[in-house]
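Novice: In the numbering used here, the protein residues as written are 1 to 298.
By construction, these hints were calculated from the structure, which means they are not laboratory data.
Don't take every hint at face value.
Cβ pair distances, simulated, as ranges [claimed, not checked]:
1) Cys-174 / Asp-276: 18 to 28 Å
2) Thr-160 / Gly-25: 35 to 45 Å
3) Ala-258 / Leu-149: 28 to 38 Å
4) Lys-130 / Ser-251: 15 to 25 Å
5) Gly-253 / Arg-275: 28 to 38 Å
6) Glu-48 / Gly-253: 24 to 34 Å
Okay, derived cross-link-like pairs now, DSSO-like style, lysine-lysine, Cα gap no bigger than 30 Å in a straight line [stated by the list, open to error]:
7) Lys-240 / Lys-130
8) Lys-3 / Lys-130
9) Lys-113 / Lys-99
10) Lys-99 / Lys-130
11) Lys-240 / Lys-99
We put the CB at the ideal spot given by N, CA and C, even for glycine.
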Amino acid sequence: MIKRIGYIGLGLMGKPIASNLLRAGFELTVHNRSRAAVQELVSLGASEAESPRQVAEASEVVITSLPDSPDVETVVLGPEGVSEGISDGMIYVDNSTIKPETARSIAQALAEKSVSALDAPVSGGDLGAKAGTLAIMVGGPREAFDRMLPVFEAMGETITYVGESGAGQVAKACNQVMVAAQMVAMSELLMLAQRAGVSSPRVVEAIRGGAAQCWTLDVKPQRLFAGERGPGFKAYMMHKDLGIVLDTARSYGMPMPATASHMQLYEAMLQLGMRDLDNSAVLGVLETLVGEQLITAD
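Could you put the whole structure together from the sequences, leaning on the hints where they help?
Specialist: As structure tokens, then:
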């Protein structure tokens, strides 16, 4: 049974995930560039490591949650990286959203050191990370997945083995196709209702019980109507993820015209200085286009 876990990357998602692992009774060693997040977890009972290598040396399993593919490659395979502290039989798990080919190349490099790698990106935002209700989509060796299942159950609610290495990241790319589409569609319907002189909150109430029902309509409009546009899941990360989606689609000759248009809207968010807002705040691009802001009180 796995007892000692290392967690690297204590950002908006990583910190609450790590906190849930502590609450579940695992011995946790953490590392992060920002000292504040480390200190918070140490106060809850975690141990601190000075490098990814030290995290690996203290752990049976190492998990990362990092911004992008190059960050994961550096932390795992770079100097003082995870690969320098691993031992035979360990498991490496990546909760980041990265390119499927990067996940496969890291898995291959670690397999040469007798370490199993699982790409296990998550979905559900910071609320899901805090509540332990994340969806976790996993690629890699099935035996390693089975060993990790009690750990995953401390992190999330819907845990799915998708396939071999990279399959988890393909699933996450597909997830982000749907998320972006929902965020853009929600923004359009809110502004359409308002421009037509109809209460946007009441329109949401009317359509949530029908075919339009989705997580986005269940969670996001209430925050937007309250004037809350902080993350959540930051817009620049959504932009990054859609870049991964389109790069992956190109490699398989898959046209994705709607996703490409959504990518342009998130690019506009970055250009308008909205990079650190929630991905639902893509609404702000439409507001800019029509010269009218969403009414925040009905």
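Novice: Do Ala-258 and Leu-149 keep their Cβ atoms within the hinted range of 28 to 38 Å?
Specialist: holds, 35 Å
Novice: Looking only at beta-carbon atoms, does the pair Thr-160, Gly-25 fall within the given range of 35 to 45 Å?
Specialist: violated, 24 Å
Novice: Between Lys-130 and Ser-251, does the C-beta distance stay in 15 to 25 Å?
Specialist: With a Cβ separation near 35 Å, Lys-130 and Ser-251 fall outside 15 to 25 Å, so the hint is violated.
Novice: Can you confirm whether the C-alpha distance between Lys-240 and Lys-130 stays at or below 30 Å?
Specialist: With a Cα-Cα distance of about 23 Å, the restraint between Lys-240 and Lys-130 holds, given a limit of 30 Å.
Novice: Does the hinted range 28 to 38 Å hold for Gly-253 and Arg-275 at CB?
Specialist: holds, 31 Å
Novice: Taking 30 Å as the top limit, are the C-alpha atoms of Lys-113 and Lys-99 close enough?
Specialist: holds, 22 Å
Novice: Honestly, do Cys-174 and Asp-276 meet the 18 to 28 Å range at C-beta?
Specialist: Holds, at about 26 Å.
Novice: Assess, step by step, whether the Cα of Lys-240 is no farther than 30 Å from the Cα of Lys-99, and give holds or violated.
Specialist: holds, 10 Å
Novice: Please verify whether Lys-99 and Lys-130 have alpha carbons no more than 30 Å apart.
Specialist: Holds. Lys-99 to Lys-130 sits at ~25 Å (cutoff 30 Å).
Novice: Could you grab the alpha-carbon distance between Lys-3 and Lys-130 and see if it respects the 30 Å cut-off?
Specialist: The given pair, whose Cα atoms are some 21 Å apart, holds under the 30 Å limit.
Novice: Evaluate the given range 24 to 34 Å for the C-beta pair formed by Glu-48 and Gly-253.
Specialist: Hint violated: Cβ distance 47 Å, outside 24 to 34 Å.
In this structure, the earlier hints numbered 2, 4 and 6 are contradicted, and the remaining ones agree with it.
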